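There are 2 protein chains.
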Amino acid sequence: MTSNQQQTIASLGAGLLTGQICVVDCSSILGPSTTLQHFGAQSGGQQPAVEIHKISEYDEDGPFFAWNWLKVGEHAGTHFDAPHTAESGRQHPDGSTETVDPQKLIAPACVIDVSQKCAEQPGCLLDVSDVEAWEASNGPIPSGCWFLMRSGLDARSVASGDDRHPGPTADCIRYLIEKDIVGFGSDCLSTDASDADQMEPPYPAHHLLHAANRFGLASLENLERLPVTGAIFIAAPLKLCNGTGSPIRAMALVPA
Amino acid sequence: MTSNQQQTIASLGAGLLTGQICVVDCSSILGPSTTLQHFGAQSGGQQPAVEIHKISEYDEDGPFFAWNWLKVGEHAGTHFDAPHTAESGRQHPDGSTETVDPQKLIAPACVIDVSQKCAEQPGCLLDVSDVEAWEASNGPIPSGCWFLMRSGLDARSVASGDDRHPGPTADCIRYLIEKDIVGFGSDCLSTDASDADQMEPPYPAHHLLHAANRFGLASLENLERLPVTGAIFIAAPLKLCNGTGSPIRAMALVPA
Numbered sequence: 001m002t003s004n005q006q007q008t009i010a011s012l013g014a015g016l017l018t019g020q021i022c023v024v025d026c027s028s029i030l031g032p033s034t035t036l037q038h039f040g041a042q043s044g045g046q047q048p049a050v051e052i053h054k055i056s057e058y059d060e061d062g063p064f065f066a067w068n069w070l071k072v073g074e075h076a077g078t079h080f081d082a083p084h085t086a087e088s089g090r091q092h093p094d095g096s097t098e099t100v101d102p103q104k105l106i107a108p109a110c111v112i113d114v115s116q117k118c119a120e121q122p123g124c125l126l127d128v129s130d131v132e133a134w135e136a137s138n139g140p141i142p143s144g145c146w147f148l149m150r151s152g153l154d155a156r157s158v159a160s161g162d163d164r165h166p167g168p169t170a171d172c173i174r175y176l177i178e179k180d181i182v183g184f185g186s187d188c189l190s191t192d193a194s195d196a197d198q199m200e201p202p203y204p205a206h207h208l209l210h211a212a213n214r215f216g217l218a219s220l221e222n223l224e225r226l227p228v229t230g231a232i233f234i235a236a237p238l239k240l241c242n243g244t245g246s247p248i249r250a251m252a253l254v255p256a
Numbered sequence: 001m002t003s004n005q006q007q008t009i010a011s012l013g014a015g016l017l018t019g020q021i022c023v024v025d026c027s028s029i030l031g032p033s034t035t036l037q038h039f040g041a042q043s044g045g046q047q048p049a050v051e052i053h054k055i056s057e058y059d060e061d062g063p064f065f066a067w068n069w070l071k072v073g074e075h076a077g078t079h080f081d082a083p084h085t086a087e088s089g090r091q092h093p094d095g096s097t098e099t100v101d102p103q104k105l106i107a108p109a110c111v112i113d114v115s116q117k118c119a120e121q122p123g124c125l126l127d128v129s130d131v132e133a134w135e136a137s138n139g140p141i142p143s144g145c146w147f148l149m150r151s152g153l154d155a156r157s158v159a160s161g162d163d164r165h166p167g168p169t170a171d172c173i174r175y176l177i178e179k180d181i182v183g184f185g186s187d188c189l190s191t192d193a194s195d196a197d198q199m200e201p202p203y204p205a206h207h208l209l210h211a212a213n214r215f216g217l218a219s220l221e222n223l224e225r226l227p228v229t230g231a232i233f234i235a236a237p238l239k240l241c242n243g244t245g246s247p248i249r250a251m252a253l254v255p256a
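Residue numbers (our numbering), protein chains in the order written: chain A, 1 to 256; chain B, 1 to 256.
If you are wondering where the hints come from, they were derived from the structure by calculation, not from laboratory data.
On a predicted model such as this, the values are computed, not experimentally measured, just so you know.
Warning: the hint list may mix true and false statements.
Computed from the model, here is a short list of chain B residues facing chain A with C-beta under 8 Å [stated by the list, open to error]:
{"#": "1", "residue": "L12"}
{"#": "2", "residue": "V23"}
{"#": "3", "residue": "I29"}
{"#": "4", "residue": "S43"}
{"#": "5", "residue": "W69"}
{"#": "6", "residue": "R90"}
{"#": "7", "residue": "G230"}
What the simulated footprint calls covered on chain B by chain A, stretch by stretch (three residues with Cβ under 8 Å from a Cβ of chain A suffice, anywhere in the stretch; the number is not a length) [stated by the list, open to error]:
{"#": "8", "region": "51-64"}
{"#": "9", "region": "118-131"}
{"#": "10", "region": "139-149"}
Note that CB positions come from ideal geometry on N, CA and C, so glycine has one too.
If we strip away everything but chain A, and leave its shape as in the complex, we get (with noise of 0.2 Å):
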């Protein structure tokens, strides 16, 4: 007899073979012209540019194959942050990317769309009103989904040269914590607002989530094409030995 769990992944595979159920790439290229996330010196230091060095490619080196070796920050571009990052989230022993449950990684995802006011003030900051206001409009937020933050200045930020982008307020992130969210993403090369070493406590996002154990996402891409509810997030770090985050290939299924 076939389950019902059973049933949906077959329609799944079927949504998907066809093309009625859609992947969205919510990542950027990953190189030596990515623009990294950074701290102060007295925060965190500075993770090294990407660099891609050829082993082989189709010649005196190896003529059959091709392929090169990385160096890379856990978490330069689209990236995942495990709660071992912050100081805040260092007890949890499922805090790393290796030790993560791989079942809080693909959860229904929540956005908000804040490029409106993003675009009228780029300092802003995402308030607890605003959450409301998507509630409001959207009902309540699953225990469990990811949060995500279009902003919108993903593309901006590399038009203007200002690199300001904004964040949750710290009264923001403990509300969507309350809210059992998994974890809290953003286009922006931060889940922090780019003044967050100001805000107290500083960088919020950071202290806040990872202290309560939850995921953090940067540099997202694409998020415009998912819908406020209804769609399903992919956000999986690779499995780094005592990882405090990683890389990834962030995707979300989509109804076509």
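Got chain A sorted already, so can you dock chain B onto it with the hints?
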């Protein structure tokens, strides 16, 4: 009105949150002790061992954060082979990790268990007759699926020190391409058998799969936790600039 696709995605979300649909982790830990695939010097050379270097660890280099940078091969540990890794696949415009169609990466899985044959004869090969026997029991191989070989040797080779491992014959790969698989995966270090440099053509899985713009997966884990059919496999490479492959967090969705 709710479409069938919306309903499928909603059921998937509910199943994931309740655990009735289970996320199976099919990746091994990636770090300095990861065993690496290599090729002879005349074929493609050797990738470096994985290195993990500290940037800060809640210390004088950065009190709030821990993070690292990595030296890692595109084909290290559990990984994805893009068509561009083989000379035979270099002409495909959508054949790099950057250009591959994400829609192809999440697809139904067929799992063939040859662990008994491999336990008796570690140097054995997967042949057309094995696939035909699988089809006789399980029905036709669906177009667009991942075809995954479980040798059971991932664990055994570590225990015994015998690092020979199986792979498909050239005819077997030709047969699977005729069935229109999206890619072939293995729990061994490479999609090709350990003696594949002696086969005709050399490295038939790499040569033939990638010539046909299909993908490879290697060093998969936990394939014994997948049903023979009825799982959805997720195998998404990092969006590496001109990448020939990528370490991945391979995962499968299965009914609990």
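Each hint, compared with the structure:
1. L12: The hint holds - L12/B has a Cβ within 8 Å of chain A, the shortest such distance being about 6 Å.
2. V23: Since the shortest Cβ distance to chain A is 4 Å, the answer is holds.
3. I29: holds, 5 Å
4. S43: Status holds, d = 5 Å.
5. W69: Holds: closest Cβ of chain A sits about 5 Å from W69/B, inside 8 Å.
6. R90: holds, 7 Å
7. G230: holds, 6 Å
8. 51-64: holds (count 8)
9. 118-131: Our answer is that it is violated, as 0 residues pass the Cβ test (under 8 Å) against chain A, missing three.
10. 139-149: n = 3 at 8 Å, threshold three: holds.
Comparing the model with each earlier hint shows a violation of hint 9 alone; every other hint is respected.
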